[in-house]
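Number of protein chains: 2
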Amino acid sequence: MKNLNKIKIRNAKPSDHQSIISVIIDWWGGRDLRSSVPKLLLIHFSPTCFVAFKNSELCGFLIGFFSQKYSKEGYIHFVGIHPEFRKSGLAKILYQKFYDVCLQDSRNIVRSCTAPINKLSIGFHTKMGFSIEPGPSEIEGVPITTGYLSDKDQMVLFKKILNTR
Amino acid sequence: MKNLNKIKIRNAKPSDHQSIISVIIDWWGGRDLRSSVPKLLLIHFSPTCFVAFKNSELCGFLIGFFSQKYSKEGYIHFVGIHPEFRKSGLAKILYQKFYDVCLQDSRNIVRSCTAPINKLSIGFHTKMGFSIEPGPSEIEGVPITTGYLSDKDQMVLFKKILNTR
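Order-wise, the sequence lines are chains A and B. If you're matching positions, the first sequence starts at 285 in this note's numbering and goes up one per residue. If you're matching positions, the second sequence starts at 285 in this note's numbering and goes up one per residue.
You may find that some hints are simply not true.
Identical chains share a label here; the pair holds if one copy fits it or two copies do between them.
Claimed, not checked - Pairs of lysine-lysine residues, derived as BS3-like cross-links and limited to a Cα-Cα distance of at most 25 Å, are as follows:
| # | residue 1 | residue 2 |
| --- | --- | --- |
| 1 | Lys436 | Lys356 |
| 2 | Lys297 | Lys376 |
| 3 | Lys353 | Lys323 |
| 4 | Lys323 | Lys444 |
| 5 | Lys381 | Lys353 |
| 6 | Lys290 | Lys338 |
| 7 | Lys286 | Lys356 |
| 8 | Lys403 | Lys353 |
| 9 | Lys292 | Lys353 |
| 10 | Lys323 | Lys403 |
| 11 | Lys436 | Lys297 |
| 12 | Lys286 | Lys411 |
| 13 | Lys371 | Lys290 |
| 14 | Lys436 | Lys353 |
| 15 | Lys403 | Lys297 |
| 16 | Lys356 | Lys371 |
| 17 | Lys286 | Lys444 |
| 18 | Lys381 | Lys444 |
| 19 | Lys403 | Lys443 |
| 20 | Lys444 | Lys371 |
| 21 | Lys338 | Lys443 |
Hints in this document: simulated from the structure, not taken from any laboratory.
Chain A with its partners taken away, still in its complex shape (with noise of 0.2 Å):
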């Protein structure tokens, strides 16, 4: 595992689309999901995404934005971690540098969600002080919500309170 020294964190740039895409086949373990990261997201939304770079090379990425439903609601839409940066703590800086931008806004809810395959993230995401919302069934004990990111999808439902300062 890497260590996090000359770690640069910065806001994301549409520019930074292409070098997001290229690592998301690998980094997913084969699976495709490259379409969940449109360039528009960092075209419109780039205050809320971020992009952790060590030297030239791209180690981590939030997308994320806040929500104009529910004023009070920043969502963290997809974030990835370059396999040897697991468990260094890159995703803990990520996820703070997204609350410190929904708390400059006024926001106070933080929601994501993954799939009941996901368990690493399920198990980072609790870690982080994430509840599961209660859902109409279960796998493996974890609450289960259905359609939420599409007609018959399962999901778990994450959501974090901030504490306000």
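Got chain A sorted already, so can you dock chain B onto it with the hints?
Leaving out everything else, chain B in the frame of chain A:
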């Protein structure tokens, strides 16, 4: 062509997702653009998304959002009109609904884009007072921007300045 009597327009809801998704292939003449309307948009951006129904039939929809990077801008992401309601004035009404919410949020710039092949959309936007952003190349006299929505695409970018009241 059907008329607009009894058309009801309201903000879109997450529960409209299935209705929208189920018409896309048909309304776009076989093109599968369903992934362009993730349900997440209807959850968190419903104040800028509209659906039009006549009786219980979907006649049109507009999916838009406020830019979080550019505080004066609204972006129209995806618009669909039932083939029998084209040239009925419905698209114009949906655009005006979007303009209204932009102006209420002190936004006076509206952006959108389309593929160069979509002459209908280019004609509609021109008629609606959109200008076409200058680009490095042209197709049949229309300026084209490269790499806007993805890294190698060619798109026609529209911009309209709204009259503030």
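- Message: Within, between, both or neither: how does the pair Lys436, Lys356 come out at a Cα-Cα threshold of 25 Å?
- Response: neither (27 Å within a copy, 37 Å between copies)
- Intra- versus inter-subunit Cα pairing at 25 Å for Lys297 with Lys376: Cα proximity of Lys297 and Lys376: one copy only (21 Å, versus 33 Å across).
- Measure nothing new, just compare the shortest in-copy and cross-copy C-alpha distances for Lys290 and Lys338 to 25 Å and report within, between, both or neither. Cα proximity of Lys290 and Lys338: one copy only (6 Å, versus 59 Å across).
- Message: I want to check one pair: Lys403 and Lys443. Are their C-alpha atoms no more than 25 Å apart within a copy, between two copies, both, or neither?
- Response: This pair counts as within: shortest intra-copy Cα distance 17 Å, inter-copy 44 Å.
- Query: Using 25 Å as the alpha-carbon threshold, which applies to Lys371 and Lys290: within, between, both, or neither?
  - Reply: For Lys371 and Lys290, only the intra-copy Cα distance (17 Å) is at most 25 Å; the inter-copy one is 58 Å.
- Item | 25 Å Cα threshold - placement of Lys444 relative to Lys323 | Intra 27 Å, inter 21 Å, cutoff 25 Å: inter-copy only.
- Message: Reference check for the pair Lys436 and Lys297, CA-CA at most 25 Å: within, between, both, or neither?
- Response: between (33 Å within a copy, 17 Å between copies)
- Message: Please sort Lys436 with Lys353 into within, between, both or neither, judging by C-alpha distance up to 25 Å.
- Response: within (23 Å within a copy, 33 Å between copies)
- Task: Up to 25 Å between alpha-carbons, please classify Lys292 paired with Lys353: within, between, both or neither.
- Result: between (32 Å within a copy, 21 Å between copies)
- Are the CA atoms of Lys403 and Lys353 at most 25 Å apart within a copy, between copies, both, or neither? neither (29 Å within a copy, 33 Å between copies)
- Item | Alpha-carbon proximity context of Lys381 and Lys353, limit 25 Å | both (22 Å within a copy, 16 Å between copies)
- Task: Indicate which option fits the pair Lys286, Lys356 if close means a Cα-Cα distance not exceeding 25 Å: within, between, both or neither.
- Result: Result: close neither inside a copy nor across copies, 36 Å intra and 42 Å inter.
The structure fails hints 1, 7, 8, 15, 16, 17 and 21 (numbered hints given earlier, in ascending order).
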